[in-house]
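Chemist: Given next are the chains, with one letter for each unit.
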Amino acid sequence: MAKEEPSYRTAYEMAGRQRDISVSEFFLKNRHLLGFDSPSKALLTTVKEAVDNALDACEEAGILPEIRVEVIDYGDNIYRVVVEDNGPGIVEQQIARIFGKLLYGSRFHKLSQSRGQQGMGISAAGMYAQLTTGKSLHVISRVKGERLASELFVTIDTAKNRPELHGRKKIKWNRSHGTRVEVEIEGRFQKGPHSVEMYLKQTAIASPYVSIHFQGPRGEAIRFRRCTKQLPPWPTEIKPHPRGIELGRLIQMLNSTRSRSLLKFLETEFSRVGRKTAQEIVSHAGPHLTERSLPRRIAHVQARSLYRAIKRVPVSAPRTDCIVPIGEQRLYEGMRKEIDADFYIVSTRPPAVYRGNPFQVEVGLAYGAPGGANLQVDAGGRIRKTAHPRRAAAATLELHGEEPAHLLRFANRVPLLYEQEGCAMTRAVLQTNWRSYGLQQPKGALPVAPLVILVHLASVWVPFTSEAKEAIAAYPEIIRELKLGVQACARKLAEHLRQEGRLKREYEKRSHIEKYLPHVGIALQEILDLTDEQRDRSVARLDDVLQHTRKVP
Amino acid sequence: MTAAGNKTASGGRDQQALDAMTIRLIGAIASATRKSIEKGELPHIELPVRSLANVNYAVEKGYFELGSALKTRTLTVNTVRSFAQTLRLMAASRQMVRDNDFATKREAYYISKNWGDCRFDEQAESDAIMDDIEALASLHGLSREQLRFYPESHGGSVAGPLTVVDTDPGSGALLGIDCANLGSGAYSVPRAVEHLGFKTDADFILAIETGGMFQRLNNHRFWKQANCILVEMGGVPTRATRRFIRRLSDETDLPVYCFVDCDPYGFANIYRTLKVGSGNAAHINQFFCVPRAQYLGITPQDIIDYRLEDATHPLTKTDIKRARDAIRNDPFFASHPRWIAAIEQLLGMGVRAEQQALAKWGLNYVIDDYLPRKLKTTESFLP
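For the record, the sequence lines run as chains F and P.
Okay, so the first sequence: first residue is 1 according to this note's numbering, each after it adds one.
Okay, so the second sequence: first residue is 1 according to this note's numbering, each after it adds one.
A couple of the hints might just be wrong.
As the list claims (entries may be wrong) - Restraint ranges, calculated between C-beta atoms of paired labels, are given here: (1) F:Pro-442 <-> P:Lys-105: 40 to 46 Å; (2) F:Gln-376 <-> P:Lys-105: 43 to 49 Å; (3) F:Gln-376 <-> P:Asp-325: 55 to 61 Å; (4) F:Asn-374 <-> P:Gly-40: 38 to 44 Å; (5) F:Arg-223 <-> P:Gly-40: 34 to 40 Å; (6) F:Gln-440 <-> P:Gly-40: 39 to 45 Å; (7) P:Gly-40 <-> F:Arg-384: 19 to 25 Å; (8) P:Lys-71 <-> F:Ala-488: 46 to 52 Å; (9) P:Ile-177 <-> F:Arg-550: 58 to 64 Å; (10) F:Gln-376 <-> P:Gly-40: 24 to 30 Å; (11) F:Arg-550 <-> P:Gly-235: 40 to 46 Å.
Unchecked claim - Covered by chain P, according to a simulated footprint, are these stretches of chain F (three or more residues, beta-carbon under 8 Å): (12) 516-527; (13) 536-546.
If you're looking for bench data, these hints aren't it; they were derived computationally from the structure.
The structure presented is a predicted model; accordingly, all values stated were derived computationally and were not measured.
Ideal Cβ positions, reconstructed from N, Cα and C, are used throughout, including at glycine.
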């Protein structure tokens, strides 16, 4: 029998096989990293990426967003997703690259609060379509002022991470401006906490100025109406803060800067670094670097000492006016609009900083069945039961006392529907001792109460734990702010619960009294031979006496 | 025993006067309640505290009586229900007095079922409210029977030279019932005895624990032989029996001798309850106790004197506990050294003897020998 030789290779043979791996190819093989790991998640991610882009575009252009989302069931687990916006439109030359090239976008290279930050989501959806149905991305876009819209079919050359166009023409379109993206994918349409509907509903909470029409595959038509016409200001861009910079990024910045001197580089490329601070940094950067060193010529070793100097010199905290929170008023309105509850409380924390990145935390709580105890204290100090008109409850967010609270997580106004366990927001909520605020809480779990806990993190750079943007990394500064926000709201909730409890107990006591008062009247009438009028007068008088001796809580 | 002659008492206590008092009392409480309300104050009712802490043994009176502690039931959240129930039960009581009707405790509970939210959920509730009203009435010398709430159980049987003067509930005519003329049967004490009158020439009243012994004494006309009135208690005497014996002895000025088993239950439960009442219902003892009662037998010494040792049973653990408890904690026994000595004697012997043990010497030994011998030395009866 011939002995089988193991097929070892030489370094030369190996060299022949070594080549570039395109980002597109990488993600084709690792699609879970972008949120396309299951058919149901893929459908949701596709909608999400398209809607996020649409909203970013509208807001940046100062247009009140009007979004249409349609999911059509083609059978055999094939769905067509259509997302249409009234945004500024996309210049035709850019369409192919935006939709047909991974890591192409406007957000990655700057620090500014926006929904998208990587330039990957929508092209990943296109790639997923290509992979599962073989269909190209269908884009129609009309720039404001143009007579015709552009219609394109885009695919990605995954080997080269390059867009491929299939047909391009000018067409008439009834929108004066906006973009329509259609993509056909393998997916699964589901209800519940990970549904398209839930995602849109939460979007409507965090961005209450958005109007969304949703047409589902089973004929459902849901409209999320805006409750305000006021757009939030578009956040300003900021430069990196020295505190947050990493060595690699510093070297990259040194290589790509247009500044001709180190001093100028430090002054122009960093936030919070003026001439004086820049000089101080240079003076700490070692003997080989001067204020006039040419940034592109700075060697690795010197860059390392520059990096140490940057970290050593005290710099004032980064500007925080680049963060635009949802705002207490708007968040409150958004919650009231979409969540049927009795009590709402919101809190926007002051901005804070992690690793040189400014961020801001917002927390909102919606508690209890609408109307709560349905009790009202009238002018005379009497407690009356009030009727509460029940709104058509949104099936996806009903509050039940016997179930754990709903936790809604948002990052730059984008709802996060997956990876709740691994998220810093969840951790902060779980680490809060809800029992001390009058709620039940099983050990290490969400409180059990008819409660929605909403947590929002706004930042120029949201530290997601993965490219799928599903969970926030647990930086201590962020956890701290989250907890403070949750506690501020929980304190108010506890106050409300105590007040409600007191009112309820008092009402119960009073109705107990009122139940038996007539019997005192009957007995007095029988014993003293009173007339009905005398009896009723005595009972009314007794009721007055009792009401007066009790304080309204 | 001196010849007592023909002692009579006609017509019982003045029923009309008592009824008027009852109605006045209920009216006064209701008026006070209404006045408080009109003045803008929370109405309240003052009730005697019925707990044992407010019960004393009145040595000179010879019975347990309620102390002077009062509890104020002010109309508040916590009391509004029982307050309303108290008033409604009083109204019901007043109506029964006016209609000359009555209700048993059970019936009173069912009356409330027509009160809607105010109804009693269990009889224990209505009993407690009734006890409160009864205690309140007792401050004014009125008993529960006066409020027309009658006990469930009737009284024992009576035989002997006694004519009970009762009223025909239908016609209202006076009726004389001759208790010596009922053949082998006996007169049965009614639930309410307040209105009864008595005529007798008997020398004493003999209260008997068991129905069997009563029958024996009645059948053999012992009451004729000893010129006494026989009353059957049937274990611990009911309220009706206690009140009957009390009134009979009061009205006719006759001594009461008790003939019960020689065991701690006979001493501490049957005899003690008849004589001084119970701590549980201290508010009624003033009407129900029979301070003149004396203990004829069977005494522990009788076991020796009549050589009943071989007709005894050993004391049970419960017997011993009850006996020790009586010596240590019962103010009645504690105030009578002779009783302490007797109970200690019994504990020392470690046995108990029933009335029927006397049958050892023949069925009628009790009639022919025991009772006549005992009745010769009434001064030796235990207090």
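Chemist: Against each hint, give a clear statement of whether it holds in the structure.
Modeler: Evaluated hints:
Taking the beta carbon of each, Pro-442 (chain F) and Lys-105 (chain P) are about 50 Å apart, not inside 40 to 46 Å as hinted. Between Gln-376 (chain F) and Lys-105 (chain P), the C-beta spacing of about 45 Å keeps the proposed range 43 to 49 Å intact. A hinted range of 55 to 61 Å holds for the C-beta pair Gln-376 (chain F) and Asp-325 (chain P), which are about 60 Å apart. Checked against the hint of 38 to 44 Å, the C-beta distance between Asn-374 (chain F) and Gly-40 (chain P) comes to roughly 31 Å, which is inconsistent with it.
The hint said 34 to 40 Å for the Cβ distance between Arg-223 (chain F) and Gly-40 (chain P), and at roughly 58 Å that hint is violated. For the pair Gln-440 (chain F) and Gly-40 (chain P), the supplied restraint of 39 to 45 Å holds, since their beta-carbon distance comes to about 43 Å. Checked against the hint of 19 to 25 Å, the C-beta distance between Gly-40 (chain P) and Arg-384 (chain F) comes to roughly 23 Å, which is consistent with it. Checked against the hint of 46 to 52 Å, the C-beta distance between Lys-71 (chain P) and Ala-488 (chain F) comes to roughly 49 Å, which is consistent with it.
The given range of 58 to 64 Å is respected by Ile-177 (chain P) and Arg-550 (chain F), whose C-beta atoms sit roughly 59 Å from each other. Range check, Gln-376 (chain F) to Gly-40 (chain P): about 26 Å between beta-carbon atoms, so the 24 to 30 Å window is met. For the hinted restraint 40 to 46 Å between Arg-550 (chain F) and Gly-235 (chain P), the CB-CB distance of approximately 51 Å leaves it violated. Check on the segment 516-527 of chain F: 9 of its residues sit with their Cβ under 8 Å from a Cβ of chain P, so the three-residue criterion for coverage holds.
Residues of the segment 536-546 of chain F lying with their CB closer than 8 Å to a CB of chain P number 6, which satisfies the three-residue condition for coverage.
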